[in-house]
Each structure stands twice: as structure tokens, then as C-alpha cells.
Amino acid sequence: MEKNNRQIKSVILSSGGDSLLPFVLVYMSYIILHGHLSPGGGFQGGVLFVAAVLLIYFGHGYQVATRAVSFNLLHGGEGAASTIYVLLAMMGVAVGAQFCQNVLFTHGAIGELYSAGTIFWMNVTVGVKVLTGIGSITLLMLSLVADRQGGDAK
Amino acid sequence: MKKYLTYVSLAVILVAGLMAAARMAAMPRTYEGQNATVPVAQLQQNPESYDDSTADGAAAVIVQQNLAKSHEVNDVTSIVFDFRGYDTMGEAFILITAVAGAAVILFTRRKEGEDGKE
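From first to last, the protein sequence lines are chains A and B.
The opening residue of the first sequence carries number 1 in the numbering used here; numbering runs sequentially from there.
The opening residue of the second sequence carries number 1 in the numbering used here; numbering runs sequentially from there.
Just so you know, the hints here were simulated from the structure itself, not pulled from any lab data.
Please note: incorrect hints may appear among the correct ones.
[Stated by the list, open to error] Derived pair list, reagent style DMTMM-like, types lysine to aspartate or glutamate, alpha-carbon separation capped at 25 Å:
| hint | chain 1 | residue 1 | chain 2 | residue 2 |
| --- | --- | --- | --- | --- |
| 1 | B | Lys111 | A | Asp147 |
| 2 | B | Lys111 | B | Glu91 |
| 3 | B | Lys69 | A | Glu112 |
Let's have the full structure, built from the sequences with the hints guiding it.
Written as C-alpha cells, this is what we have:
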């Protein structure tokens with residue numbers, strides 16, 4: 001058990017993870033927000049959140065990871081994001097167009113960060129949804145690993 | 001009382017859905033490739049007739065029509081979130097199902113492990 005704790009809480013791992021964490025988070029939000037201008041998008045950017053959770057776990061152990069990233073908050077965010085996606089898709093029906101039709105696409109200039117109407121908002125909601133879903137799966141798996149190792153989980 | 005409330009709300013949702021479906025069926029299609037400046041379907045059957053003096057022929061057609069329809073620079077995102085937004089919604093719900101399945105399996109196993117220790 002002591003060996004496991006030493007492996008997890010080594011100084012090099014924790015300081016390296018701490019210094020990499022902001023860059024990972026900024027890169028994640030960049031990919032999510034620029035999904036309609038560059039390659040990438042909500043799905044690809046949201047998966048990067050796993051890297052952030054794993055960096056916290058490797059540096060500081062399971063307890064700090066659960067304190068930094070709340071499991072209940074992730075669950076609530078996933079449900080809220082999927083509801084907002086469906087509401088955005090229903091906006092077309094409310095205005096008098098097809099389901100999922102882009103009704104706001106004249107907002108913003110072409111090529112700017114805020115352009116392309118519902119594509120931008122749907123991209124952000126799918127990004128939040130994937131971020132929260134994948135993050136909660138990762139936290140669950142880490143909880144199982146921490147239980148097996150003992151000590152650190154409690 | 002609660003049961004009837006459920007029935008009434010379900011009936012309202014069903015009627016609204018049917019009305020929306022009827023209205024949407026009467027509307028013109030979002031994209032059928034007919035009103036385009038370049039007839040893509042005919043081009044596919046007779047590629048020799050295409051003017052390939054510009055470098056990116058077919059890609060330019062796709063980009064121009066997409067820009068006119070959605071003001072979107074990236075074609076792939078425009079297909080995923082606009083023209084096939086329904087498909088993306090299904091994918092997102094598959095992710096919810098995956099998270100729920102993983103939660104059920106892992107929580108059950110955690111509980112079993114705690115019981116085994118005691």
C-alpha cells in the first residue's frame with residue numbers, strides 16, 4: 001500500500017501535472033469553441049477533459065480528483081446539456097422550419113468566432129455533454145482502481 | 001389524478017408532434033441539389049461535361065453551396081451539426097446510455113467488493 005501511495009504522490013508527477021493542467025484545459029476549450037472554424041469540435045474537445053482528470057489523479061490521488069471534479073455536477077451538466085441540445089433543435093419547429101434546421105445562421109460574420117448560428121451553440125452543448133459524460137465514466141473507473149489499491153480511496 | 005395528468009400531457013405532446021410532422025411534411029426540402037448553380041446529380045452521371053479549369057472543382061461547389069446555406073466555413077461541422085443534426089442527437093444519447101451502463105456495472109461491483117471485505 002505504501003508503495004502505491006508513493007507512486008501516485010511523487011513530486012515530479014504532481015508538479016508536472018499541475019503545470020500541464022491549465023494548458024490542457026485551454027486547449028480543450030479552444031477545440032470546443034472553434035469546432036465550426038477548424039478541424040475538431042464538441043466530441044473531440046470534450047474527450048480531452050479525461051486528460052485533465054487523469055493529470056489530477058496521477059498528481060494528487062483519487063480524493064483530490066473527486067474534490068476538484070464533482071461527480072454529481074458532471075451528471076447534472078450532462079442532462080442539462082442534452083436538454084439544451086434538443087431545445088436548440090426544436091427552435092426550428094417553433095419558428096416554422098424543419099427540426100434541426102439552422103434558423104440563426106445570419107448572425108455574425110462568416111469566419112468569426114460567433115457565426116453560423118445554431119451550429120456554434122450545438123457544438124458547445126455537445127462539447128459540454130461529452131466532457132461531462134466521459135469525465136464521469138473516468139471518475140467511476142478511478143474509484144474502482146482506488147478501491148482495489150485501498151487506503152487512498154477512503 | 002397524477003395518472004390523468006400524465007395521460008393529458010402525453011396526449012398534448014402527441015398532438016403537437018403530429019401537427020409538427022404534418023407541417024414539416026408540407027414544407028419544401030432543406031436540400032435536394034436541384035436549385036444549385038451546378039447540377040451535382042447530372043455531373044455525377046456525366047463527369048466529362050464539368051468545367052475543371054479551377055483547381056478545386058467539386059470541393060469549390062460544396063464549399064460555395066454550404067456557405068450560402070449555413071454561413072459556415074467548416075463543411076464537416078456543418079454536416080454534423082446542421083444537415084445531420086438529428087444523427088448527432090442520437091450519438092449524444094448513445095453516450096448517455098453508455099455512461100448509465102458503466103455506472104450500473106461499476107457501482108454494483110464496488111458494492112460487492114465492500115460486502116466482501118466485511
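For a quick check of understanding: which of the numbered hints are violated here, in increasing order?
2
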